[in-house]
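**Q** Chains as they are written, first to last, in the UniProt record's numbering: chain A, 1 to 458; chain B, 1 to 315.
In case anyone wonders, no lab produced these hints; they're calculated from the structure. Each residue gets a CB set at the ideal place from its N, CA and C atoms; glycine is no exception. Hints are supplied without guarantee of correctness; some may be wrong.
Claimed, not checked - Not the full set, but computed from the structure, chain B residues with beta-carbon under 10 Å of chain A:
#1 A88
#2 G200
#3 K204
#4 R205
#5 C207
#6 L251
#7 K252
Stated by the list, open to error - Cβ-Cβ distance ranges computed for the label pairs, FRET-style:
#8 B:P176 / A:D404: 45 to 51 Å
#9 B:E177 / A:S20: 32 to 38 Å
#10 B:Y73 / A:S137: 48 to 54 Å
#11 A:S137 / B:P143: 38 to 44 Å
#12 B:G145 / A:P21: 28 to 34 Å
#13 B:E159 / A:F68: 38 to 44 Å
One-letter residues, chain by chain:
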Amino acid sequence: MRENLHRFFRAARGVGVHVSPAESIDAMRAVAQVGISDRAVLRDALLLTLAKSQDEKLALGDCFDLFFSQPEPRQDQPEAGEDDAPQDSGQPPSSGAPSDAGEGQPPEGLGPLAQMLLSQDRNTIAAAIASASGAASLSDIRYSTQRGIFSSRILDAMGLQRLRDDLDGLTATNPSLAERLRAALDALREAVRDTVSQGLALYAREEAENLRNEILRNAPLARIERRQVAEMRALIRQIAHRLRERYSKPRKRQRRGHLDVRRTLRRNAAWGGVPFLTAWKRKHRDRPKIVALCDVSGSVAQVSDFFLLLIHSLHEVVDDVRSFAFSSHLIEVSRILESKSPEEAMSEIMSKVGFGSSDYGSSLLDFEKEFMSTLTPHTTVIVLGDARSNNLDPRADILRRISDRSKRLVWLNPEGRLAWGFGDSEMPRYATFCTVVRQCATAHQLERAVSDIVATYQ
Amino acid sequence: MADQKASTSIEAVESGLAAQGYIASRQIATAVYLSQQIEKPILVEGPAGVGKTELAKAIAAWRGMKMIRLQCYEGLDEAKALYEWKYAKQLLYTQILKDKLGEVLGGAQTLHAALDQLHDFGDVFFSKEFVEPRPLLQALEQPGGCVLLIDEIDKSDAEFESLLLEILSDFQVTIPELGTVSAITPPTVILTSNSERDLGDALKRRCLHLHIGFPEQRLEERIVESRVPGISQTLRRQMVGFIHEIRSLDLKKLPSVSETIDWARVLVLLQASELDTEIVKDTLNVLLKYETDIEAAAPQVTTFIAKAARSNVFG
Chain A
1 MRENLHRFFR
11 AARGVGVHVS
21 PAESIDAMRA
31 VAQVGISDRA
41 VLRDALLLTL
51 AKSQDEKLAL
61 GDCFDLFFSQ
71 PEPRQDQPEA
81 GEDDAPQDSG
91 QPPSSGAPSD
101 AGEGQPPEGL
111 GPLAQMLLSQ
121 DRNTIAAAIA
131 SASGAASLSD
141 IRYSTQRGIF
151 SSRILDAMGL
161 QRLRDDLDGL
171 TATNPSLAER
181 LRAALDALRE
191 AVRDTVSQGL
201 ALYAREEAEN
211 LRNEILRNAP
221 LARIERRQVA
231 EMRALIRQIA
241 HRLRERYSKP
251 RKRQRRGHLD
261 VRRTLRRNAA
271 WGGVPFLTAW
281 KRKHRDRPKI
291 VALCDVSGSV
301 AQVSDFFLLL
311 IHSLHEVVDD
321 VRSFAFSSHL
331 IEVSRILESK
341 SPEEAMSEIM
351 SKVGFGSSDY
361 GSSLLDFEKE
371 FMSTLTPHTT
381 VIVLGDARSN
391 NLDPRADILR
401 RISDRSKRLV
411 WLNPEGRLAW
421 GFGDSEMPRY
431 ATFCTVVRQC
441 ATAHQLERAV
451 SDIVATYQ
Chain B
1 MADQKASTSI
11 EAVESGLAAQ
21 GYIASRQIAT
31 AVYLSQQIEK
41 PILVEGPAGV
51 GKTELAKAIA
61 AWRGMKMIRL
71 QCYEGLDEAK
81 ALYEWKYAKQ
91 LLYTQILKDK
101 LGEVLGGAQT
111 LHAALDQLHD
121 FGDVFFSKEF
131 VEPRPLLQAL
141 EQPGGCVLLI
151 DEIDKSDAEF
161 ESLLLEILSD
171 FQVTIPELGT
181 VSAITPPTVI
191 LTSNSERDLG
201 DALKRRCLHL
211 HIGFPEQRLE
221 ERIVESRVPG
231 ISQTLRRQMV
241 GFIHEIRSLD
251 LKKLPSVSET
261 IDWARVLVLL
271 QASELDTEIV
281 KDTLNVLLKY
291 ETDIEAAAPQ
301 VTTFIAKAAR
311 SNVFG
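Kindly produce the complete structure, drawing on both the sequences and the hints.
**A** Put into C-alpha cells, the structure is as follows:
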C-alpha cells in the first residue's frame with residue numbers, strides 16, 4: 001500500500017497539488033490511523049492532509065477517483081475490480097465459455113499467463129497488470145509517444161513470450177482453446193493499453209506542464225503565437241499571484257510592538273521618569289506609487305500588454321498605479337485596465353492610440369503638459385518601450401525633468417542590449433536620465449523587473 | 001483491526017459533537033479524529049456562518065476542556081497574542097526598590113563591584129513574575145489541555161502567521177529571556193479563515209485543511225432540528241428547501257447556516273405552520289443582509305416556495 005500511496009503523491013503533484021515530503025509523511029500517518037478499508041474515509045483523510053485550498057481539494061478528489069479506479073493489486077477485496085471497465089470489456093467474448101469451462105481445467109503445461117487468462121479470474125489478472133506496471137515503472141511515463149513502449153514492456157513483464165509459445169502449441173493441438181486464449185489476449189492488450197493511458201493521464205501531467213511553462217517563461221513576449229496568448233495570460237496571473245504573496249505584507253507598522261525606551265523616558269521626564277505614558281517603536285514605509293508609460297506601437301505592444309496586465313493585477317500590493325499608453329500621442333489608460341477584462345482593455349487601448357508610428361518626443365510632451373503633477377518624490381516611473389523614435393526629436397530633456405521629480409525612473413526595453421543605439425534607437429540618450437535600464441523581453445525578465453521595483457518599497 | 005477502530009472512532013466523534021448540538025458531516029468528524037490522532041491543528045475555511053467557530057466550541061464542550069480564543073485582527077502582534085512584559089510594573093518596581101537597591105549596592109567599593117552585584121539582581125525583573133501571558137501562552141500552560149481557537153487568522157498580518165509556526169508544529173514558544181516554554185498537554189488547535197487573503201504555505205502545511213461549505217439539505221435539516229427543536233417537520237423541510245433555492249441565486253452574501261437557524265427561530269416565534277409568500281417576504285431580511293439581495297430575491301419568492309413544497313412531497 002505504501003508503494004501505491006507514493007505513486008498517488010506523484011499523481012497528486014501532476015494535478016498541481018504541492019506535496020512536500022513533510023506532507024507525504026503526514027498523509028502516511030493519517031492513513032495509518034484511518035486504515036484503508038473505507039474508501040470514503042481514506043479519500044477524506046488524504047484530502048485533509050494534502051490539499052491546501054478548495055481548488056486543490058477538487059483537483060485532488062478527481063485525481064483520487066481516477067487513481068483508485070485502476071485495479072488494485074489486492075486480492076482480499078472482491079469488489080476491487082468492479083468499476084474496472086477494461087476488464088469488463090474482456091468478459092463478453094468469452095462469456096459463453098464458463099459453462100463448458102467446467103468440463104476441465106486448462107490443459108497442463110501452459111504458462112502461468114495462459115492459465116490465468118483461461119481461468120477468467122479478473123482480480124488475479126488485474127493484480128498481475130498492476131504489478132507488471134510497477135515492474136515496468138509506469139509512473140515514469142512522460143509523453144504520449146511512450147504509450148507503445150510501456151504497453152509492450154508491461155506485456156513482456158507479464159510473460160507474453162511464454163503465452164505466444166503456448167498459443168503456437170495449442171493451435172496445433174487444441175484449436176478451440178487457442179481461439180479462446182487469443183480472444184482473452186486481445187482483451188488483455190486492451191486492458192493494458194487502458195492502464196497505460198490512465199498512467200499517462202496521472203503521471204505525465206506534471207512534467208508536461210512544467211516543461212511548457214518553462215519554455216513559455218523564457219519565450220520572447222513579442223513573438224508569442226496567438227494560441228499561446230491565453231496560456232501566457234495564465235502564467236502572468238501566476239506571476240502576479242506570486243508577487244502578491246511576497247509583497248502584500250501590510251505596510252502599517254506604526255503600531256504597538258516594542259517599547260521605545262528613549263522616547264518613553266523623554267516623554268515622562270516631567271514625572272521624574274515614572275512612565276505614565278508609553279511610547280512605541282515605529283517604522284515608516286512609503287506606499288508604492290507607480291506611473292507606467294507604455295509604448296503600444298507594433299512590436300512592443302504585446303510586451304506592454306502583459307506588463308500592464310501584471311501591474312494592474314498587483315493592486316493589492318501597489319495601490320496607486322497610473323498607466324499611460326502612447327505611440328504617437330499619449331493617453332491615460334488606468335481606468336480602462338481596471339474596469340475591463342484584459343482582452344477588451346487591450347483592444348480598446350489599441351483602437352485609441354495603437355498602431356501609430358512611435359514618437360517619443362511628442363508623447364513625452366503630452367505627459368509633461370497634462371500629467372506632470374502625478375509625479376511625487378515617492379513615485380517610481382516605469383517606461384516600457386524600445387526607444388525607437390523614427391528619427392524624431394527624442395526630447396530627452398523632458399525625461400530628465402521626469403527623473404528629477406520622481407523617486408526612480410526605470411526603463412524596460414524589450415530589445416536586447418546589442419540593438420540599443422543602433423538605427424533610430426535613442427536608448428543611450430535616454431539611459432543617462434534613468435535610474436535603471438534593463439532588458440525585458442520574456443515573462444521571466446518581466447517578473448524580475450516588477451519584483452525589483454516593488455521590493456524597493458518594502 | 002485498526003480500520004475497524006478508526007471508523008468506530010470517527011462515529012464516536014460524530015455522536016460526541018452531536019450531543020453538543022453540533023451536527024458534523026463525515027469529513028468534519030474525520031478531520032477532528034485525525035487532528036487528535038496525529039496532533040495537528042485544523043485549518044477550517046469556508047464562508048461566514050457555516051459553523052467554523054461553533055466547531056471549536058463543540059469540541060471543547062464535548063471533551064470537557066477549556067476553550068481559549070484568540071480573535072485575530074490587523075495589527076495583532078506577539079505582545080497581544082503570546083506574552084508581554086509588564087513594562088509599567090517593571091519600571092514601577094525599580095522606582096519603589098530604589099532605596100533597597102541603594103542598600104544592596106552600598107557595600108560595593110568600586111563601580112565594577114556594584115555592577116557585578118547588580119547583575120545578580122538583573123534577572124529578577126525578567127522572570128515569570130513580570131510576564132503577562134496572552135492566549136497562546138495560556139493555552140500552552142493549561143495542565144489539562146484545552147481547545148485553542150485562533151479565529152479569523154486571515155485578518156491578521158503575514159508576520160503573525162510566522163509567529164504561529166513554532167506553536168503549531170511543536171506546541172512550544174520561545175521567550176528570549178526565559179527560554180522555551182513547551183505545552184504541558186498539547187492543545188487541540190483550530191484555526192478559522194474566511195479566505196480574505198491567501199495564507200502562507202508554511203502555515204497551511206502544518207495544518208489539516210478542512211473546508212466547510214454549505215451543508216446538504218438533509219444535514220441542514222438535522223442541524224435545524226437540533227438547534228431549534230420547536231419547529232415542525234414540514235416547516236423545517238420547506239424552509240431548508242427554500243434556502244437551498246435562494247443559494248442558487250447570484251447574491252452578494254448567500255444565507256448560511258447561522259441565518260437558517262435565525263430564520264427558523266423567527267418562524268417559530270411568529271408561529272408559522274408553513275411557508276407562504278406573505279411571511280417569507282416579511283422575514284426575508286433575516287436571511288439576506290443586503291438591500292440589493294432582498295430586491296433580487298423578492299420576485300422569486302413564490303416560485304421558490306412552490307419548488308420547495310414540491311421537493312418536499314418527493315423527499
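**Q** Next, verify each hint and record whether it holds.
**A** Hints, verified against the model:
no. : hint                        : result
1   : A88                         : holds (6 Å)
2   : G200                        : holds (8 Å)
3   : K204                        : holds (4 Å)
4   : R205                        : holds (6 Å)
5   : C207                        : holds (9 Å)
6   : L251                        : violated (19 Å)
7   : K252                        : violated (19 Å)
8   : B:P176 / A:D404: 45 to 51 Å : holds (47 Å)
9   : B:E177 / A:S20: 32 to 38 Å  : holds (34 Å)
10  : B:Y73 / A:S137: 48 to 54 Å  : holds (52 Å)
11  : A:S137 / B:P143: 38 to 44 Å : violated (53 Å)
12  : B:G145 / A:P21: 28 to 34 Å  : holds (29 Å)
13  : B:E159 / A:F68: 38 to 44 Å  : holds (41 Å)
When held up to the earlier numbered hints, the structure conflicts with 6, 7, 11 and fits the remainder.
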